[in-house]
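Residues per chain, in single letters:
Number of protein chains: 2
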Amino acid sequence: MKAKEQTLSIFALGGVNEIGKNMYVLQYENDLLIIDCGGKFPDESLLGIDLIIPDISYLEQNKDKIRGLIVTHGHEDHIGGIPYFLKKLNVPIYATRFTLGLIEIKLDEHKLLRETECIQIDAESKLKFEKISVSFFKTNHSIPDCLGIVFHTPEGNVVHTGDFKFDLTPVNNQYSDIHKMAEIGRNGVLALLSESTNAERPGSTPSERIVGEHIEEAFKKAEQKVIVSTFASNVNRVQQVVDASIKTNRKLALLGRSMVNVVSVAIERGYLNVPEGMLVDARDVNELSPEKVTILCTGSQGEPLAALSRLSTASYRDVAILPDDLIILAAGPIPGNERNVTRIIDNLFTLGAKVIYGSGSSSGMHVSGHAYQEELKLMLTLMRPKYFIPIHGEFRMLHHHKVLAESVGVESGHTFIVKNGDVVDIQNGEALQTRKVAAGDIYVDGVGVGDIGDVVLRDRKQLSEDGMLVIVITLSKAERKIVSGPDTISRGFVYNRESEDLIKTVNRLVTNTVTELQEENIHRWNVIKQAIKKSVGQYLFTKTKRKPMILPIIIEI
Amino acid sequence: MKAKEQTLSIFALGGVNEIGKNMYVLQYENDLLIIDCGGKFPDESLLGIDLIIPDISYLEQNKDKIRGLIVTHGHEDHIGGIPYFLKKLNVPIYATRFTLGLIEIKLDEHKLLRETECIQIDAESKLKFEKISVSFFKTNHSIPDCLGIVFHTPEGNVVHTGDFKFDLTPVNNQYSDIHKMAEIGRNGVLALLSESTNAERPGSTPSERIVGEHIEEAFKKAEQKVIVSTFASNVNRVQQVVDASIKTNRKLALLGRSMVNVVSVAIERGYLNVPEGMLVDARDVNELSPEKVTILCTGSQGEPLAALSRLSTASYRDVAILPDDLIILAAGPIPGNERNVTRIIDNLFTLGAKVIYGSGSSSGMHVSGHAYQEELKLMLTLMRPKYFIPIHGEFRMLHHHKVLAESVGVESGHTFIVKNGDVVDIQNGEALQTRKVAAGDIYVDGVGVGDIGDVVLRDRKQLSEDGMLVIVITLSKAERKIVSGPDTISRGFVYNRESEDLIKTVNRLVTNTVTELQEENIHRWNVIKQAIKKSVGQYLFTKTKRKPMILPIIIEI
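Line by line, the protein sequences give chains A and B.
If you read the first sequence in this note's numbering, its first letter stands for residue 20, the second for the next number, and so on.
If you read the second sequence in this note's numbering, its first letter stands for residue 20, the second for the next number, and so on.
Simulated from the structure, these hints should not be mistaken for lab results.
Just so you know, these numbers come straight off a predicted model, no measurement behind them.
For identical chains, the list gives no copy identity; a pair is met inside one copy or between any two copies.
The calculated lysine-lysine pairs, modelled on DSS-like cross-linking and capped at a C-alpha distance of 27 Å, are:
hint: 1; residue 1: Lys480; residue 2: Lys553
hint: 2; residue 1: Lys480; residue 2: Lys564
hint: 3; residue 1: Lys562; residue 2: Lys480
hint: 4; residue 1: Lys239; residue 2: Lys311
hint: 5; residue 1: Lys523; residue 2: Lys548
hint: 6; residue 1: Lys566; residue 2: Lys480
hint: 7; residue 1: Lys373; residue 2: Lys396
hint: 8; residue 1: Lys311; residue 2: Lys373
hint: 9; residue 1: Lys552; residue 2: Lys480
hint: 10; residue 1: Lys240; residue 2: Lys373
hint: 11; residue 1: Lys562; residue 2: Lys523
hint: 12; residue 1: Lys564; residue 2: Lys106
hint: 13; residue 1: Lys455; residue 2: Lys106
hint: 14; residue 1: Lys566; residue 2: Lys125
hint: 15; residue 1: Lys106; residue 2: Lys147
hint: 16; residue 1: Lys564; residue 2: Lys553
hint: 17; residue 1: Lys84; residue 2: Lys130
hint: 18; residue 1: Lys562; residue 2: Lys107
hint: 19; residue 1: Lys106; residue 2: Lys523
hint: 20; residue 1: Lys125; residue 2: Lys562
hint: 21; residue 1: Lys125; residue 2: Lys564
hint: 22; residue 1: Lys553; residue 2: Lys523
Let's have the full structure, built from the sequences with the hints guiding it.
Laid out in structure tokens, this is it:
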């Protein structure tokens, strides 16, 4: 019954040529399935922006065909965009029990919980749509309950790995279902979409269990409080902190909203095993003997308002770091966060604490959740795909992943390194990438979604670097002359004794400029404003080498 | 003749609890000697600031005692502050031939060359002041012609290491004079100031020669152009690029102002050996066969305006990157620069180039110029100081260096981890740290030095995150009512259809606020402005979750 003229289309709306805002689409006839809906944290050039989410205008235009949003796991770069997405498109969400728990926290915050259809799935689930059916396989990653996805389409099977590593000695039995993967590969894979985060790194990522061993060792040596900062969603690592605390007779306090939220979900839903009576309130920590206390806190990325940062500056109300307390940073800094993290480490040392830290896995307290080269090759070997689309990575990572794929037998020319919006069309078993759909970054700033554009960002950049001058001048319409002003107000520009003289000269310049124009009988505001901007701008640049924004305001009376 | 009541004072005006703006002072009676005068690059929180330099108000107050500025080597964090320093204090500068070459480039740019007394020294020089005499010893570091310093004072000898590593197979014969160091140690060292950059790293830093071997290997395999980006001042690495180019029959072009400047100084002064006729102009590169070309360029830290960045976006006029060109990043990214660097790597891969890169020394194309733990211990062992002051590092590095010092025999209590401005006073062989002198950060922005303070930076931050609204309203003095406006101008705030409604509501709010106050007979501008700020601020925060700067301007006619 396969309609030969039909095409299977695969594309990313986010997640390629970047780390973050993952969103992939698979479409065949009337079945449009979405995989993940992530957010991305802005770099420092995007002044004032809180979050970046994918442009979903293609989905809005094709909303009748959308069958659902399938979520591979609960990390921010896979679920962070969901609330904004749902405000535009009310679509059923398919995810595992733990992933749904994390999504529901978000939906609750955005008051979207009641109107959203959340459907719980697991690795044994099968979904059936018009022409596509979907099955799943278990993977291991730095968060529980992750899935890889198989789409059974009339053109053939397409596999999306989600984020994964192969951890053969996993914690909490979160194993990779290699046998099922092998079977999927044996049955034939038309196209594989596999994550590329660590495609630059040779070898294999160490097992999470290694971290547990190092944690236990450190706990046994610790003489005072132990404070561990890690990603709240890394429940297996949290479990190992719990286990080490049990072995060393420590109670456990949680600091930071996301730590409290995620740990609650994990305990409730059975992903984390914390004995009755072990959890204590942060306010009660001071009543316990220090060697009986473990604290788990947020802020491992150096976030200035998170618990660890506040502890390091002795500004957390209920808990103080004391000499010989042990702080373990059980997370690697994400590129861009290093300076914030080292500032915290310095502050902790200043307080007399012992600190275990290190880049990547060098401290033994962190391992990556993303497959290294040998693991990526294993996935490619298991799946034996005809076509390969490396996803989830910046360009160089996708490039390296392509080289790996070819090294294990993917035919040259069968790997598609795509941009967001590039569509790979497969028809009669032949894949081509020729067309595009709309894709891009949407900025979230406060409650505004998509209302910040390049103009606003350019203004913010100028304002941030050199500040601004507002120059107010009142003109008489009747007499064609200045009746008051110019008055110049500066913000973010200069502030000292010398600046008074500077401002006086600016005012004199403005008076001259305006008077000259009036003598020439030029009264158009725009012309006057441009002339003010030009003369003041040139003067200030010569004197200060700065280019503040100049905003002339003319009042005519 | 030693006056027992006299004190030897040692302190930092920059360089401790930070990486950058190194400046140390040694004072005994009427002899005040300054070591280095560095700049520091601002992090992203210091919006619009170009450079940070040390506060030298203590030196200005004691200028009669200053005998000179001794510069250990020519890196920016040791010489970057010199032009600003000289504009306040005209002091003789003592430095080696190569270091002086780099300083003179700066002095020339700032038109200070003629009035400055530059005195060339070498490792055999001896300086004699009233009570202090000074001698030197050769060290190895990632720039030629580095010195460590010995101050012979009536209290005893004080050693300042400068920046160093122990490279036992150095390039260009830039050896560490271990025998002289041993002799200095045998003669007794009262206090050692030693750099701490890599005090966290176990082992020893590899030899620069390793980089040369990897460069040569890569050159031999390269089939097209080779582009190497490294620090211009790392002349020994530049030499190895020259040597590899000679062996593979390539001409050499230099891109980037600092590469051209520094290489010229190095050739002129005999630190770099480039055969006659090997250098070609960048404009002539296209006329050569690609396999006959090496390009050395600036921008290894991802600086957006430097040569490498412009090459990566195909926007360098004279030279284009073509498929299979080889780009070697022969420098590790300084923390904070990773994102800019990886963006460039991605762009280079997109152009089809081959790229050799990697964090730290993982690519084989970079080694650190700063001693690791075993080398720091060797320096401490050679010097056997009574007192130890770790310098040149953030707090955790100083802390680790202290631990290392105690592990090789420095007595507990004899290490001083100081802040900038903390004075270590030594009298009758006993050291104490009790007093402070003024120290701090001075911001350079454009041609302004020290005219940017916290208020300006706070304004810039607010402007950068949420932009601003200027609200202009004209009031009649006679009638006590609004005669025109309010008019609201926004910059960096929002820009879309919806914002029009927002601005309309703002104007309505302002009218209401002002009218109400006038009805209550309140006419003081400050009160009216505050009321406008409050009502508009609250409204905008509710609607947008943003806090733009609100600048009400009242014109009274």
